[in-house]
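So that you can map any letter, position 18 of the sequence shown is 119 in the numbering used here, and since no number is skipped, the others follow by simple counting.
These are calculated hints, taken from the structure and not from any lab test.
Since this is a predicted model, take the numbers as computed values, not measurements.
Computed spacing ranges between beta-carbons, pair by pair: (1) N194 <-> Q111: 38 to 46 angstroms; (2) Q111 <-> L177: 15 to 23 angstroms; (3) R204 <-> V145: 29 to 37 angstroms; (4) R199 <-> W147: 18 to 26 angstroms; (5) L197 <-> M102: 36 to 44 angstroms; (6) N194 <-> S120: 45 to 53 angstroms; (7) Q141 <-> V201: 32 to 40 angstroms; (8) G115 <-> R203: 33 to 41 angstroms; (9) W133 <-> R202: 35 to 43 angstroms; (10) E195 <-> D131: 35 to 43 angstroms; (11) M102 <-> E196: 33 to 41 angstroms; (12) S120 <-> R199: 39 to 47 angstroms; (13) E126 <-> R165: 23 to 31 angstroms.
Don't be surprised by glycine CBs; every beta carbon is placed ideally from N, CA and C.
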Amino acid sequence: MINSLGSYVQDQMGLLGWSRVALVERSGLDDWQLETILEQPVLVEWPSPEVLLSLAKAFNVSVREVVMRAAQGSGLHVDEGLSPAETLHLISNEELMREVRRRLALGAATGQYLAKPGQPSDADSDAQFT
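Kindly generate the complete structure, drawing on both the sequences and the hints.
Now the structure itself:
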């Protein structure tokens with residue numbers, strides 16, 4: 102049995118028809134990093150931010166999705182029962198403003214905080230909040 106991040110990566114590879122070699126090429130990860138994710142029953146180490154971001158970009162999914170799978174793979178309980186709309190009802194204004202400030206700082210740091218209306222910037226897609 103492998104961890105939930107490893108299962109998720111294998112499922113995504115299957116859906117896309119990718120081999121490990123294809124994932125290495127598309128993600129920029131090396132074989133050792135993938136072996137750790139794909140073959141351990143529990144993730145003993147948290148994957149680096151670069152690994153999480155590389156997987157999200159390769160599979161064209163939110164970083165949050167990959168992080169949630171990594172959390173489960175590390176043995177943390179993750180409650181996925183709430184929809185994004187339900188989650189927003191549980192967040193305080195202070196938490197929302199903290200997230201807005203974080204995204205503005207991220208955008209300023211990457212130079213991509215001025216996106217065209219209707220088109221999310223790369224920084225926004227890398228740090229999805231929902």
